[in-house]
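Hey, can you work out the whole structure from these sequences and the hints?
Chains as they are written, first to last, in my numbering: chain A, 1 to 641; chain B, 1001 to 1170.
Calculated directly from the structure, the hints in this document are not laboratory data. Mixed in with the good hints, there may be bad ones.
[Said to hold, decoys possible] Residues from chain B shown here face chain A by an in silico Cβ test under 7 Å; the list is partial:
id, residue
1, Phe-1084
2, Thr-1095
3, Tyr-1096
4, Leu-1106
5, Asn-1110
Yeah, the Cβ is synthetic: ideal placement off N, Cα and C, and Gly gets one too.
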Amino acid sequence: MKLFRKSGLILVIILGGLIAAGYYFISDDLIEEQIEKALSIQNGALVEFDGLSVSLLNGTMTWKKMQVANPDNVMQNRFETTETSVSITAWKLLQKKVIINNLVLADIRTGTERKKSGELPKEWIPEEEVEEDSGESSLLKEAGDLSKQAKNALKDKVVNTPVFQLANTSINADSIMGLLKLQTPDKVDSLRKSIEANVKNATETVEKLNLNKTIKETDAKIKSINVKEIKDVKSAEEAIKTVTELSKTAKDLQSQLKTAKESLSTGISEVSSGVGQVDNWIKEDYSRAEKIAKLPDFDTQKIGELLLGKELMESLNDYLGYAETGRNFLASMKSKDQEKDENPERGKGQNIRFKSFEPNPDFWVKKVNLSYKTEKDIQLSGVITDIIDNQKLIARPTKADFKGVNKSGETMSVTGEFNYLGDKTLESFQFDMPKMSLRTLDIGVGGSLPTGFTKGNGAVKAVLNITNGAPKADITLKNTDVGFKFAKKASGKSEKVFQDVMGRINSFNIDAMISSNSKGLKVKIDSDIDNKISREIKAVAKEEVDKIKRQIRAKVDAQVQAKKKELNDEINKQKQKLEAKKKEVEELVNKQVAEIEAKKKEIEKKKDDLIKEAKDKAEKAAQDALKKGADKLKSKIKLGF
Amino acid sequence: MFGFDIFIKLLKLLNSDKHSPAQLAGGLSIGMIMGLTPWFSAHHLILFFVLLLFNVNFSMALLGMGVFGIIGYLFDPVFHDFGFYLLKLDFMKETYTQWYNSAFILTRFNNTVLMGSFVASILLSPIMFPIFLFLIKRYRKHVLKWFKDSFLGELLKESSTLSLYDKVEG
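As structure tokens, then:
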């Protein structure tokens, strides 16, 4: 029995031939389908080739057209290429691995419309993709809306900015006076009535004392005492007694006078204090008028944000968009650490990886030479290296290095790095544009702010780092030789002043910083233009405000001062009245007291005279009596002797 | 009657003098390897060419693939564990790494089920071949003779089926 089968040998040869022929004729289609599927899954939307041809012997792959659909808009391509030739590691395709050594992509067109939807077939969508969808990139998604949020926020700020309140609102003294109901005139009237009541009250208090009647009665009593008719001491003493009683009455009058004076003085004092109150009321009216006018205080941190905040936010959003595209693409290719699969599908088993002498990823584009024109007419060309499913296999991050030039001939450079080597993912971008014409910028905020620049150059530097999906960015724009452009000529004085102020500024810097924490993204925009503008605007606004304040004061004064004068006149009149009354009463009482005192003195003198006279008479009588007695004694002595 | 036909064909093969027990046992052994290992693997192509080139019985190979395919499916977790053990052997690591970095990777040797089942079937084949040979010989010596002389055999001879049996007897 023969060991070999002759017919079998012939069959093996025939089969081998058939396999070779089949491979030659259908390999392109098989490989095309395999590559399309692999790339589509990575992209998240269809990647389609037209006219793909693979030469396994030469290790080249060429195609006439490649379309990469946009997962966010499946009726649009992210980009499409024309005829392209690629160097590949051919035998890896049989292993379902795509290793592209060098990919040259030129004449790329971005954002082209698709005839058919670029949506992934359901059977191609990896299950875990759904789970990973709401993962660490949430902050980036949030950042994706950043531009929209920033624009809305800026719009609000435009409306609320004092410059525009000043420029757009017709603030004038008349309109404020129309809104303002002055309180001073009413209060003055009220005070006036109060003063009148006080004066009346004080006068009545004096009247109640009935001084005139008392004085009259006292006067009558004084006059009834006729000193000449007093002939003896007894009569004098009786007169003195009467006068002393009158003096007592006079003292009572003085006491009453004191009370009356105090009442009048209080009245005068209250009247005088009313004047001080009026000044306070006027101040309150000024204050209320100013409040109604909403005269602005300036925030120094807004103008720069308004001017170029939108531009910076849009730039930042672009970078975040690139970062998100890159990280999503690379994240979808990440390999997992290999542990034993305890329960693999029957017949499928588990593929064990070993250290590769050459890295052995499933997908690896070693180098892409890319040149294309962006939607903003910027011609970009550069190199992307190591687009790979597992960077750890090659211990290198994915890097991008691009140089660009826009239609004005301004150059720029963009470098990017997607680093997934460590525990934390890190995507970083740097953008550098040393000279950018500001004339092409459309600030687009509107209102009274500049709409653009008539001249000027800006130097842009942007650094964006995204660690574990949390972005941190710093964008600096240094502007020199600046001239601002306004949509219309200044209509109001405020606008004119603002435009003049802007015209004096020829350089400014603006810095946008974005950071993130557990609460979300935080955006801060700083600029030295804020200080420059706001300093000037403040000065101008202060003048404007002072002028309006003066007008308001004049208007308030016009209404209030007349009342105040009336009040003052009234007060003076009332004061004079009270003073006169006080003087009158005082004079009356004092005159009465003086008269009583004079009468008293006169009576006392009369009394003294009468006493002296009586004394003299008594002495003379005693002498006479002594003389008569002595004479009588003498005669008796003579008769006896 | 498909199962019956196969049974009849099997009887024909076993009873035929045209096919030696070694040819039959060889075909069955190759079929066992192909059946135990996952289908459409690279080594299947090689084994298929072996089947064509060497003078072994093709039908027995198909029978072996079917029967051991079912057994292989049942033993899949065991092959996975065995394959994982083999692929994690330290002293083989260097060899595996070299294979992994060459076109040999196309054989999918690094798959646990494939490695486990392939090594197991290769190890089993030198054991199973003599066993298959012994069993076929024993069949021809004892069972075939007993069958012919049995009441069932006599009965079948009279029926149309018996003529079929005669046909398969060769």
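Hints versus structure:
1. Because the beta carbon of Phe-1084 (chain B) sits about 6 Å from the nearest beta carbon in chain A, less than 7 Å, this interface hint is met.
2. A least Cβ separation of about 10 Å between Thr-1095 (chain B) and chain A goes past the 7 Å threshold, and the interface hint is therefore violated.
3. Because the beta carbon of Tyr-1096 (chain B) sits about 5 Å from the nearest beta carbon in chain A, less than 7 Å, this interface hint is met.
4. A least Cβ separation of about 6 Å between Leu-1106 (chain B) and chain A falls short of the 7 Å threshold, and the interface hint therefore holds.
5. At about 5 Å, the closest approach between the beta carbon of Asn-1110 (chain B) and any beta carbon in chain A falls short of 7 Å, and the interface hint on this residue holds.
In summary, the one numbered hint that this structure violates is 2.
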